[in-house]
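Peer 1: Sequence order for the protein chains is U and P.
Counting from 1 along the first sequence, just add 89 to a position and that's the residue number in the working numbering.
Counting from 1 along the second sequence, just add 89 to a position and that's the residue number in the working numbering.
Honestly, I wouldn't trust all of these hints.
It does not matter which identical chain is used: a pair holds within one copy or between any two.
As the list claims (entries may be wrong) - Capping the alpha-carbon separation at 20 Å, the derived lysine to aspartate or glutamate pairs in EDC-like fashion look like this:
| id | residue 1 | residue 2 |
| --- | --- | --- |
| 1 | Lys172 | Glu240 |
| 2 | Lys211 | Asp348 |
| 3 | Lys211 | Glu343 |
| 4 | Lys211 | Asp122 |
| 5 | Lys172 | Asp108 |
| 6 | Lys272 | Glu370 |
| 7 | Lys99 | Asp126 |
| 8 | Lys116 | Asp348 |
| 9 | Lys211 | Asp320 |
| 10 | Lys211 | Glu384 |
| 11 | Lys99 | Glu384 |
| 12 | Lys172 | Glu142 |
| 13 | Lys153 | Glu233 |
| 14 | Lys116 | Asp320 |
| 15 | Lys257 | Glu240 |
| 16 | Lys257 | Glu214 |
| 17 | Lys99 | Glu214 |
| 18 | Lys153 | Glu101 |
| 19 | Lys99 | Glu233 |
| 20 | Lys211 | Asp223 |
Hints are computed from structural coordinates only; laboratory data are not their basis.
Listed below, chain by chain, are the residues.
2 protein chains.
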Amino acid sequence: MPANVLFAAKPERWDQYRDVLPRAFEKAGLDVDLRLDFAPEEVDYIIYAPNSELQDFTPYTRLKAVMNIWAGVEAITHNETLKAPLTRMVDFGLRQGMVEWVTGHTLRHHLGMDAHIVNPEKRWEPTPPPLARDRRVTVLGIGELGLACAEALAQLGFDVAGWSRRQKSHEDITCYSGADGLKDALKRSDIVILLLPLTPETENTLDAEALALMPRGSFVINPGRGPLIDDGALLAALDAGHIAHATLDVFRREPLPGDHPYWTHPSVTVTPHIASETRAETCAEVLAENIRRGEAGAPFLHVVDRAAGY
Amino acid sequence: MPANVLFAAKPERWDQYRDVLPRAFEKAGLDVDLRLDFAPEEVDYIIYAPNSELQDFTPYTRLKAVMNIWAGVEAITHNETLKAPLTRMVDFGLRQGMVEWVTGHTLRHHLGMDAHIVNPEKRWEPTPPPLARDRRVTVLGIGELGLACAEALAQLGFDVAGWSRRQKSHEDITCYSGADGLKDALKRSDIVILLLPLTPETENTLDAEALALMPRGSFVINPGRGPLIDDGALLAALDAGHIAHATLDVFRREPLPGDHPYWTHPSVTVTPHIASETRAETCAEVLAENIRRGEAGAPFLHVVDRAAGY
């Protein structure tokens, strides 16, 4: 008997996944019936995006798992109608895309590229930047994505630190944790990269007080979640020249509204939530593997700890 | 008896080296007399930059080596008054600076950053770029600097090839060589990085014919030497949209003259010869090591093959 798999995400996602998923299931040797609708009581697995219309899981009585195709789960983790295990997406494309975007924008600020990309006055000022080993980069949040970014930056020669709620250790990365550790991490940062999960505790991590701890002339890069930053405090720190530049990929409202000051601030770069996108092909392999595990009674990969919120 | 070391470069270089060199010599346990002038027949070693006033080496009769502090040696290699061994600079700072600049600008073009850095129309178009594994990067010239760049790009996940005059092999880099190999290398390149030495054979490597072999919409990055490119042919290929963008750090005349079309072309980024700069501290360690070798009768590091021109 096939496993019944419901695809519950925006219709444009279905266009990306309709061919890719059956191929991944076949490759994994799975017998799957994949559809956009079922009688709820017949569904075994839901492939899910939190902006789907499906928000009430009560009628899905035999559900084995809800498999989120996003890395972020804050929009579903508190849904009390969901009793089945929730998994989040950790795939090669998601991690690799994040590493590329973060490394690229870190190097951009490190090298001072913007002054060359836009240079109408034809300034020729051959002052080379410091070497990466003299640039202190701190990644706030060294989970799956943050750790991959921190390792890539250390590999390129940057002086890298990471901060996490619980103390970690790593041979190439200076690890900080806890509230005092956050202060120390901010004080040593020429470039801060935000890759924390969004929880009540992490909201407004970069507020006025935190920004004031960063050295004058430092940089903020946010590919994590918009509400990690107190936007008003960041704008004030940019206006004061305390923060030299912010490159932001995520926002409290997306698309970023046309009248938001980030769009026109000379020290802000907006990118349209592209730092890391689930790619259907690499994602489908992970979904197939989790269905295989569910059918075999093995533990799922990347199960969300809903009490912790990630 | 101390070794007599003449410093022959522009006065502004002396400001960078005057304190750093004695420290490096002391650290290496060397007995050195370092000066800006000596009677020529008393000089053992010359620390040299090709734009120095010293161009006639005939009176330096007991010279053991001329140690260039630049990586490029084309301005001295054909000087027939020089009979002593010539070494070129290969130092950590030079290599590392080049890796950072090349990796940064490769990621910039790969990620399409410019469209976000300058975006007055507030376009929000969340189409993520392909992953690095789907971007074919080719480094022309895989000597000391080119190989380090190719390895860093392969480490980040790019699909990397290298071209050199003589066939090489490398486990992570597809190696091409010879005239036919150059054509194959250009045909497969989304991004071409020029790191060839400048010799009569490499001048105008990127001419109209070579540019035509590159796929439409590809990118040129030149941190090597200005004359590697036929400027007129590149401008024509940019105007035709065949080449999407060129990022150039080196030019036939530097500073790049204010009326040069590269300054105002919308598809060209000029950087002021900063991709890789000899850093006094890391450089001094290499100079001290070569003097130590010369005094011990051991072979010098990084000796130039003057027939080959590098």
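Peer 1: Can you name, in rising order, the numbers of the hints this structure does not satisfy?
Peer 2: 1, 4, 5, 6, 8, 10, 11, 13, 14, 16, 18, 19, 20
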